[in-house]
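These protein sequence lines are chains A and B, in that order. The first sequence begins at 108 in the working numbering and counts up by one. The second sequence begins at 95 in the working numbering and counts up by one.
Heads up, some of the hints might be wrong.
Going by beta-carbon spacing under 7 angstroms, a handful of chain B positions derived as facing chain A [unchecked claim]: (1) GLN180; (2) VAL184; (3) ILE235.
Residues of chain B placed beyond 10 angstroms of chain A at every Cβ, according to the derived structure [what the hints assert, rightly or not]: (4) THR98; (5) SER118; (6) GLY183; (7) PHE211.
List of simulated lysine to any residue pairs, SDA-like, C-alpha gap at most 20 angstroms [unchecked claim]: (8) LYS217/B - GLU163/A; (9) LYS217/B - HIS109/A; (10) LYS117/A - GLU153/B; (11) LYS117/A - GLU147/B; (12) LYS217/B - GLN161/B; (13) LYS117/A - GLY183/B.
Calculated from the structure, these hints are not laboratory results. Here the structure is a predicted model, which means the values were calculated and not measured. Every residue gets a Cβ at the ideal spot worked out from N, C-alpha and C, and that includes glycine.
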Amino acid sequence: MHIRLFATLKERAGRADIEIDLTEDITVAELRHRVGQAHPQLAELAARSVVSVNREFAFDHETVRASDEVALFPPVSGG
Amino acid sequence: MNSTLPTLLDITRAPIDLNALQTSITTPLDGAVVLFTGTVRGRTGDEITEQLEYEAYQEMAVAKLQQIADEMRAQFAGIHGIALVQRIGVMALGEPTVAVAVSAGHRGDGAFEAARFGIDRLKQIVPVWKRETRPDGSSWIEGDYMPTAADRR
Numbered sequence: 108m109h110i111r112l113f114a115t116l117k118e119r120a121g122r123a124d125i126e127i128d129l130t131e132d133i134t135v136a137e138l139r140h141r142v143g144q145a146h147p148q149l150a151e152l153a154a155r156s157v158v159s160v161n162r163e164f165a166f167d168h169e170t171v172r173a174s175d176e177v178a179l180f181p182p183v184s185g186g
Numbered sequence: 095m096n097s098t099l100p101t102l103l104d105i106t107r108a109p110i111d112l113n114a115l116q117t118s119i120t121t122p123l124d125g126a127v128v129l130f131t132g133t134v135r136g137r138t139g140d141e142i143t144e145q146l147e148y149e150a151y152q153e154m155a156v157a158k159l160q161q162i163a164d165e166m167r168a169q170f171a172g173i174h175g176i177a178l179v180q181r182i183g184v185m186a187l188g189e190p191t192v193a194v195a196v197s198a199g200h201r202g203d204g205a206f207e208a209a210r211f212g213i214d215r216l217k218q219i220v221p222v223w224k225r226e227t228r229p230d231g232s233s234w235i236e237g238d239y240m241p242t243a244a245d246r247r
């Protein structure tokens, strides 16, 4: 699965997107965990970042599928 | 909700033309337009800011601007035109970074309140981030609002 990163997470990863292996459906909470396992430098940020699935906010108990568009980012600071 | 009312939503790298923005959302029914702009502040207390650089999750940001426009029309029935424009890229001191404009028949028809709501909501739920450059370096600014299920479309 392809995951898009923004702002602090992109900076920490050194890239704008990462890949994790995903064949089955998982929860958002599990997604955070797997991002941290695959990319340890992101573990602390992934645990507390905002998660979006298909361009909408997603929460820990909800499901992520391999085909979903997923992004991790810090609380927004636009304006 | 009237689909013929003008709604301008944009995440853009181009400088924001405030006159054009106002004109684009003003209808023959309007006698009042409230225009809010955010700008790059050079000093915050003793802290000096040299420039800001903004980035967006473009596709989601546009969807969230549409959600905010829908919320504004639902809450402020008297308003007509709406503009919600966030600029991204590098901006210098004093440049407009964001613009929210609302038109209405009269100044008491909710335009002030709707514009305030619009900018507050934009700063909560639109995925845009700013990177601040100071004399001693630069860093991403993180907001303090964590979205909830109520912030979904």
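Each hint, compared with the structure:
1. GLN180: This interface hint holds because 6 angstroms falls under the 7 angstroms limit.
2. VAL184: 15 angstroms, violated
3. ILE235: 4 angstroms, holds
4. THR98: The claim holds: THR98/B sits with its nearest Cβ about 27 angstroms from chain A, beyond 10 angstroms.
5. SER118: 21 angstroms, holds
6. GLY183: 13 angstroms, holds
7. PHE211: 13 angstroms, holds
8. LYS217/B - GLU163/A: Holds, because 16 angstroms separates the two Cα atoms, which is no more than 20 angstroms.
9. LYS217/B - HIS109/A: The hint is violated at about 27 angstroms.
10. LYS117/A - GLU153/B: 17 angstroms, holds
11. LYS117/A - GLU147/B: 15 angstroms, holds
12. LYS217/B - GLN161/B: 13 angstroms, holds
13. LYS117/A - GLY183/B: The hint holds at about 16 angstroms.
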